[in-house]
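Residue numbers (UniProt numbering), protein chains in the order written: chain L, 1 to 347; chain A, 1 to 347; chain F, 1 to 347; chain V, 1 to 347.
Hints may be right or wrong, so weigh each one.
[Said to hold, decoys possible] The list that follows gives simulated cross-link-like pairs (lysine-lysine, BS3-like), each with its CA atoms no further than 25 Å apart:
{"no.": "1", "chain 1": "V", "residue 1": "Lys332", "chain 2": "V", "residue 2": "Lys199"}
{"no.": "2", "chain 1": "L", "residue 1": "Lys332", "chain 2": "L", "residue 2": "Lys109"}
{"no.": "3", "chain 1": "L", "residue 1": "Lys199", "chain 2": "L", "residue 2": "Lys320"}
{"no.": "4", "chain 1": "V", "residue 1": "Lys320", "chain 2": "L", "residue 2": "Lys324"}
{"no.": "5", "chain 1": "L", "residue 1": "Lys320", "chain 2": "V", "residue 2": "Lys116"}
{"no.": "6", "chain 1": "A", "residue 1": "Lys199", "chain 2": "A", "residue 2": "Lys332"}
{"no.": "7", "chain 1": "L", "residue 1": "Lys199", "chain 2": "L", "residue 2": "Lys324"}
{"no.": "8", "chain 1": "A", "residue 1": "Lys320", "chain 2": "F", "residue 2": "Lys324"}
{"no.": "9", "chain 1": "F", "residue 1": "Lys199", "chain 2": "A", "residue 2": "Lys332"}
{"no.": "10", "chain 1": "F", "residue 1": "Lys332", "chain 2": "F", "residue 2": "Lys109"}
{"no.": "11", "chain 1": "V", "residue 1": "Lys332", "chain 2": "L", "residue 2": "Lys332"}
{"no.": "12", "chain 1": "V", "residue 1": "Lys199", "chain 2": "L", "residue 2": "Lys324"}
{"no.": "13", "chain 1": "F", "residue 1": "Lys320", "chain 2": "A", "residue 2": "Lys324"}
{"no.": "14", "chain 1": "F", "residue 1": "Lys324", "chain 2": "F", "residue 2": "Lys116"}
{"no.": "15", "chain 1": "F", "residue 1": "Lys199", "chain 2": "F", "residue 2": "Lys116"}
{"no.": "16", "chain 1": "L", "residue 1": "Lys116", "chain 2": "L", "residue 2": "Lys332"}
{"no.": "17", "chain 1": "A", "residue 1": "Lys332", "chain 2": "A", "residue 2": "Lys203"}
{"no.": "18", "chain 1": "F", "residue 1": "Lys199", "chain 2": "A", "residue 2": "Lys324"}
{"no.": "19", "chain 1": "L", "residue 1": "Lys324", "chain 2": "V", "residue 2": "Lys324"}
{"no.": "20", "chain 1": "A", "residue 1": "Lys199", "chain 2": "F", "residue 2": "Lys324"}
{"no.": "21", "chain 1": "F", "residue 1": "Lys109", "chain 2": "F", "residue 2": "Lys203"}
{"no.": "22", "chain 1": "V", "residue 1": "Lys324", "chain 2": "L", "residue 2": "Lys199"}
{"no.": "23", "chain 1": "V", "residue 1": "Lys116", "chain 2": "V", "residue 2": "Lys332"}
{"no.": "24", "chain 1": "F", "residue 1": "Lys109", "chain 2": "A", "residue 2": "Lys324"}
{"no.": "25", "chain 1": "F", "residue 1": "Lys332", "chain 2": "A", "residue 2": "Lys199"}
{"no.": "26", "chain 1": "F", "residue 1": "Lys199", "chain 2": "F", "residue 2": "Lys320"}
[What the hints assert, rightly or not] What the simulated footprint calls covered on chain F by chain A, stretch by stretch (three residues with Cβ under 8 Å from a Cβ of chain A suffice, anywhere in the stretch; the number is not a length):
{"no.": "27", "region": "145-152"}
{"no.": "28", "region": "198-212"}
[What the hints assert, rightly or not] The following label-pair restraints were derived from C-beta to C-beta distances:
{"no.": "29", "chain 1": "A", "residue 1": "Val82", "chain 2": "F", "residue 2": "Thr166", "range": "13 to 21 Å"}
{"no.": "30", "chain 1": "V", "residue 1": "Asp160", "chain 2": "F", "residue 2": "Gln132", "range": "37 to 45 Å"}
{"no.": "31", "chain 1": "L", "residue 1": "Leu197", "chain 2": "A", "residue 2": "His49", "range": "51 to 59 Å"}
{"no.": "32", "chain 1": "A", "residue 1": "Ala275", "chain 2": "V", "residue 2": "Lys109", "range": "38 to 46 Å"}
{"no.": "33", "chain 1": "A", "residue 1": "Asn4", "chain 2": "V", "residue 2": "Glu274", "range": "21 to 29 Å"}
{"no.": "34", "chain 1": "F", "residue 1": "Gln132", "chain 2": "V", "residue 2": "Leu197", "range": "42 to 50 Å"}
{"no.": "35", "chain 1": "F", "residue 1": "Gln132", "chain 2": "A", "residue 2": "Asn4", "range": "57 to 65 Å"}
To be clear, the hints were calculated from the coordinates, so they are not data collected in a lab. Just so you know, even glycine gets a beta-carbon here, dropped at the ideal spot from N, CA and C.
Protein chains: 4
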Amino acid sequence: MVENLRVAVIGAGRMGADHIQRLHTRIHGAEVAAVVDIDLDRAKAAVAHIPGAQAYATAAEAYESGDVTAVLIATPGFLHEVALLEALERDIPILCEKPLTPDAASAWKIVEAEQKLGRKRIQVGFMRRFDQGYVQLGGLVRSGELGELLMLHCRHRNPDTPPGFTNEMLINDSVVHEFDVIRFLTGEEITSVQVRLGKATSKAPSGQHDPQHVLIETASGVLVDVEIFVNAQFGYQVTTEAAFEDGIVNIGADGGPTVHRAGRWGGEVTPGFEARFGAAYDVEVQSWVDAALRNEIGGPSAWDGYATAACCEAGVEAQKSGEKVAVVLNEKPALYGSFEPAQGGAQ
Amino acid sequence: MVENLRVAVIGAGRMGADHIQRLHTRIHGAEVAAVVDIDLDRAKAAVAHIPGAQAYATAAEAYESGDVTAVLIATPGFLHEVALLEALERDIPILCEKPLTPDAASAWKIVEAEQKLGRKRIQVGFMRRFDQGYVQLGGLVRSGELGELLMLHCRHRNPDTPPGFTNEMLINDSVVHEFDVIRFLTGEEITSVQVRLGKATSKAPSGQHDPQHVLIETASGVLVDVEIFVNAQFGYQVTTEAAFEDGIVNIGADGGPTVHRAGRWGGEVTPGFEARFGAAYDVEVQSWVDAALRNEIGGPSAWDGYATAACCEAGVEAQKSGEKVAVVLNEKPALYGSFEPAQGGAQ
Amino acid sequence: MVENLRVAVIGAGRMGADHIQRLHTRIHGAEVAAVVDIDLDRAKAAVAHIPGAQAYATAAEAYESGDVTAVLIATPGFLHEVALLEALERDIPILCEKPLTPDAASAWKIVEAEQKLGRKRIQVGFMRRFDQGYVQLGGLVRSGELGELLMLHCRHRNPDTPPGFTNEMLINDSVVHEFDVIRFLTGEEITSVQVRLGKATSKAPSGQHDPQHVLIETASGVLVDVEIFVNAQFGYQVTTEAAFEDGIVNIGADGGPTVHRAGRWGGEVTPGFEARFGAAYDVEVQSWVDAALRNEIGGPSAWDGYATAACCEAGVEAQKSGEKVAVVLNEKPALYGSFEPAQGGAQ
Amino acid sequence: MVENLRVAVIGAGRMGADHIQRLHTRIHGAEVAAVVDIDLDRAKAAVAHIPGAQAYATAAEAYESGDVTAVLIATPGFLHEVALLEALERDIPILCEKPLTPDAASAWKIVEAEQKLGRKRIQVGFMRRFDQGYVQLGGLVRSGELGELLMLHCRHRNPDTPPGFTNEMLINDSVVHEFDVIRFLTGEEITSVQVRLGKATSKAPSGQHDPQHVLIETASGVLVDVEIFVNAQFGYQVTTEAAFEDGIVNIGADGGPTVHRAGRWGGEVTPGFEARFGAAYDVEVQSWVDAALRNEIGGPSAWDGYATAACCEAGVEAQKSGEKVAVVLNEKPALYGSFEPAQGGAQ
């Protein structure tokens, strides 16, 4: 009988707590062995209801316990580099929440460290690749049944932003998902980014220019426009419209029951990313666990993390200049193979 | 050059006023020559803005003016019989708002009078036959491309009812449209009606049992259920779902812009029959005018008026007994031909 | 640490195999311990890939192994009675696929046996109670925010039927789900059933009259019409439209990506019940496992199985007579409490 | 009684023939008096079924007949300038199909000529202002109920293009409608245009780069992206999505009956602009006739024609350079007033 993975979750904040609950109640083949948080009380609270799980203040202590065979990193992005290097040294399966690291240079260091190891240990948490809509759209692209994909129109709308959400975070935390999805759908790298700041909403916090218009191009010339609008008030919405040579595809519409009541018909707007992508997170983590038990990864690789970090850097520069900014990547190491994304597949 | 029809509109109430406006501003080939209303002041008000139109208290006076070559009857139903007989005597084109007359016996008298005349002069105001949705559904039935039509599910919902709206009017004024549409879509006569009074809304006026469930069968066995719900609060809605051997068709959904606003997405509910069927009324009257200028009718005939009156009688009886009540018709006079409905075609 | 349930699955046919896969790969807190099938080879094939699971030809052998702490019954309905009595003797948690048993008399014997035991051990496999659409509609009923529920319109369409599917199975295997859902949504027992056989499709196998129209009434007078159409060719579709005093709700529409291609726009029709209700099955079994680990049930009870069996009996009689047939139930034992369905809750 | 307009239609090609039919059969208050076409046989064929209408080879002859009191110009755009100046000399109501003229310099000459006349005689044929969807969206903008309008996403898709359709015509004949609609919706002038040529379809004729991505900005900074895709194969589609401070609005979705047939559900794609905008053309011409009978115009003015011509010039330049190109306008003459578009209103 294959042993279950014994997972250390690093970071017990919003995403970490969500993943702990997921591993403990919904994911087959894995158990929470440890929760690591610099705030030890928060770690202790997180394991209180989980028999056999321990709380630690550092990852090192967790690893030393001898009870950890895999790690899920859910700290803020600036702490990822150290955690990743530490986990790579242990040569254990790693699921790292996006971004891999906050910038292309540090992301490249991770890629290099993994190369030295000689096998893919890191899966990056771009969960949209596991969302049914993107999976189906990707399938349509690869089937060729509608001809070549020519353009994408992406909308990313949040009702509002947490305190301290900056213009740069619009790119690094939100548009980063579009960067990954564009690469996933087209199977191509992104070559340039342009950002236009137009009319701004009065509902954004001071210092934030919202919405913004991002125009992206891929290697073969696929143009992608993104409306990133993070104080859109009405609800949460992520949709993509794809123009092919022979047809148009739309994904991401709000579903659920439709109600006719006085004067209006319709349904409920999705309130947030948990409702929109909750199932995708479950499938993502299950895919990681299944692959990890075979010593593989089951989703986006460190290369995907590096490539999107380079896009984000170009995006932030474009945001400032208003000009088209080229995205330049290092040569792709052989370890990451050619570009053949399976369902949420590693590259 | 063909002379325009000079139309006398009898009845200047809600429907009459609507038709006067339609003839005066939107219909080619016809002009309002006279408005007849027992309330002469109402008639005078109606013609005030129409050059060349006169007001009268009786139809006889209008006809005697020598300026009338066609008539549109828009009085309450119980006044139709006299007005129809008077117009038939003049042998002029007649557009008669539904119902033809309020009961089968009087409707049959009209059929007999028209037969004596020897040509179809009466078109009945079942405007749904000119509605794009019903026309397209009828086309699908007749094309046979989805196989045989097997069942229909009809919903007829009003926000509320005018004072004095009785249980019998639920059948005679509302379900009567479904009777006509079922005959139009199936090309068959109706053979039985059953009415079930279930749980009632608390929003209906005293004495009215609302909603009601009507189960109808046609000659070949097509079963039709109708939800008639006339105090449905939220808005106006008329939809039909058709089950064919090889597919399902839905018509009548609310359209228009969709709006996402805080917490809800959707569109506006249709507020009333004017918005839902306004275009159908225009097409209906235009069709009548075009046919009348060729001495024909361009829509449902007196036979259709008679057959639906017989359905209504059976419906009201079924409403009281809760049993299945057979619909029995006189033999169809040759004048009305076989059953081949064209777009909104006469039969 | 709570021990996982060790489940014996009885019956390794279509539904059984589906549940074995579910328990083995997706459900937390339970493991497949045994597969029982009179065809021992089929049982052996089913456990071949499951470490620690054994195959048996009879349930008795499985119980005697000492490794079974819960049972899932997925045999054809006529074998349920014996399997249920045997499992009740063991006093272990039971998940029994619908129907509880094929008729009201045998279902009542099960209810009596469970009463003797003195606690609810049986959960019946009405998985629609765990479907997101029905859960949300049930929530709207109970919230009262749209006023009283007045009518339901249900459509149940299959592309075709397996060999040997009879008229009675239309009621016992298909409409039975509507009986349960009506009881779940209204929180009321069903009082009468009427079945009308109208125009039949040419696509049904000989001896089957399809579609049929079922008209159902609940204790407070809620009327429900059901189109049951099991050779509908185009695909699988289960929808419900609910008319409330203050609004209308629709659930069950086909979702997924919409595609515009030459001449047509739209999406894919659901191909079968696995796609439509696959997630509901997962939630159902998980709910049963979670409750079983607390010695409770987490869904429809034996009483629900008995009450729907009585509805089916009335339905089959109504199918033959064309008349309204009353549904008469024994007095409800105290064990099953009053009618307060929670999400998919037991009653 | 007001005399009907006696209209000379100049140009009996596709659009001209359509307008002749419209004036002859559907528009109240106007009649076709003359058809002018350099191909006299085509003009004769067009009037053959219209009592009282004459055919001419030149507009001058039509005017000299003394039977013409208004003119509708439907020739190719490069012939508009001469026809407009000739009609302005007559001081009669003019409905001029878009574009006003093919470039900003000649359009300005028309504006100057009309100013000398001292009253607005020219209405330009931007029929989208009369489309129900744009009217409703414009109403939402002006009501302010969703806050400020921030971004627009426009899609303009044709199944294919007629022979000789050039890259410049993509802007001048297709995007010109978006230029007008943006001005209509925002009530602002356009300040810059950028065009990006990305991945091209293999279905476009040689020499045409299709689709193209147009990024437009208005005076207050509203950003608008346009996908112009004129060989989109599947059908005709014009949609707009508007992002407001407090909500999102979508117009232009395909409507009509939805059909479930083997494997797919959905409706018919709109085949062409006649089906999508036929009703808008009727309303547009009726609005012009009604206004003309009062010596006014009832839609977009010569100023609107000039302003969109300037946008087109910038668009074609942007198409070639790939850079953002500013749109510069002459000062607006007092005759055209301030920017207060009513329903399809003149400015």
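Here is what the structure says about each hint:
no.: 1; hint: Lys332/V - Lys199/V; result: 39 Å, violated
no.: 2; hint: Lys332/L - Lys109/L; result: 13 Å, holds
no.: 3; hint: Lys199/L - Lys320/L; result: 16 Å, holds
no.: 4; hint: Lys320/V - Lys324/L; result: 16 Å, holds
no.: 5; hint: Lys320/L - Lys116/V; result: 48 Å, violated
no.: 6; hint: Lys199/A - Lys332/A; result: 39 Å, violated
no.: 7; hint: Lys199/L - Lys324/L; result: 20 Å, holds
no.: 8; hint: Lys320/A - Lys324/F; result: 16 Å, holds
no.: 9; hint: Lys199/F - Lys332/A; result: 24 Å, holds
no.: 10; hint: Lys332/F - Lys109/F; result: 13 Å, holds
no.: 11; hint: Lys332/V - Lys332/L; result: 57 Å, violated
no.: 12; hint: Lys199/V - Lys324/L; result: 17 Å, holds
no.: 13; hint: Lys320/F - Lys324/A; result: 16 Å, holds
no.: 14; hint: Lys324/F - Lys116/F; result: 35 Å, violated
no.: 15; hint: Lys199/F - Lys116/F; result: 48 Å, violated
no.: 16; hint: Lys116/L - Lys332/L; result: 14 Å, holds
no.: 17; hint: Lys332/A - Lys203/A; result: 42 Å, violated
no.: 18; hint: Lys199/F - Lys324/A; result: 17 Å, holds
no.: 19; hint: Lys324/L - Lys324/V; result: 11 Å, holds
no.: 20; hint: Lys199/A - Lys324/F; result: 17 Å, holds
no.: 21; hint: Lys109/F - Lys203/F; result: 39 Å, violated
no.: 22; hint: Lys324/V - Lys199/L; result: 17 Å, holds
no.: 23; hint: Lys116/V - Lys332/V; result: 14 Å, holds
no.: 24; hint: Lys109/F - Lys324/A; result: 38 Å, violated
no.: 25; hint: Lys332/F - Lys199/A; result: 24 Å, holds
no.: 26; hint: Lys199/F - Lys320/F; result: 16 Å, holds
no.: 27; hint: 145-152; result: holds (count 5)
no.: 28; hint: 198-212; result: holds (count 7)
no.: 29; hint: Val82/A - Thr166/F: 13 to 21 Å; result: 58 Å, violated
no.: 30; hint: Asp160/V - Gln132/F: 37 to 45 Å; result: 42 Å, holds
no.: 31; hint: Leu197/L - His49/A: 51 to 59 Å; result: 54 Å, holds
no.: 32; hint: Ala275/A - Lys109/V: 38 to 46 Å; result: 44 Å, holds
no.: 33; hint: Asn4/A - Glu274/V: 21 to 29 Å; result: 28 Å, holds
no.: 34; hint: Gln132/F - Leu197/V: 42 to 50 Å; result: 44 Å, holds
no.: 35; hint: Gln132/F - Asn4/A: 57 to 65 Å; result: 60 Å, holds
Violation of the numbered hints given earlier is confined to hints 1, 5, 6, 11, 14, 15, 17, 21, 24, 29; the remaining hints are satisfied by the structure.
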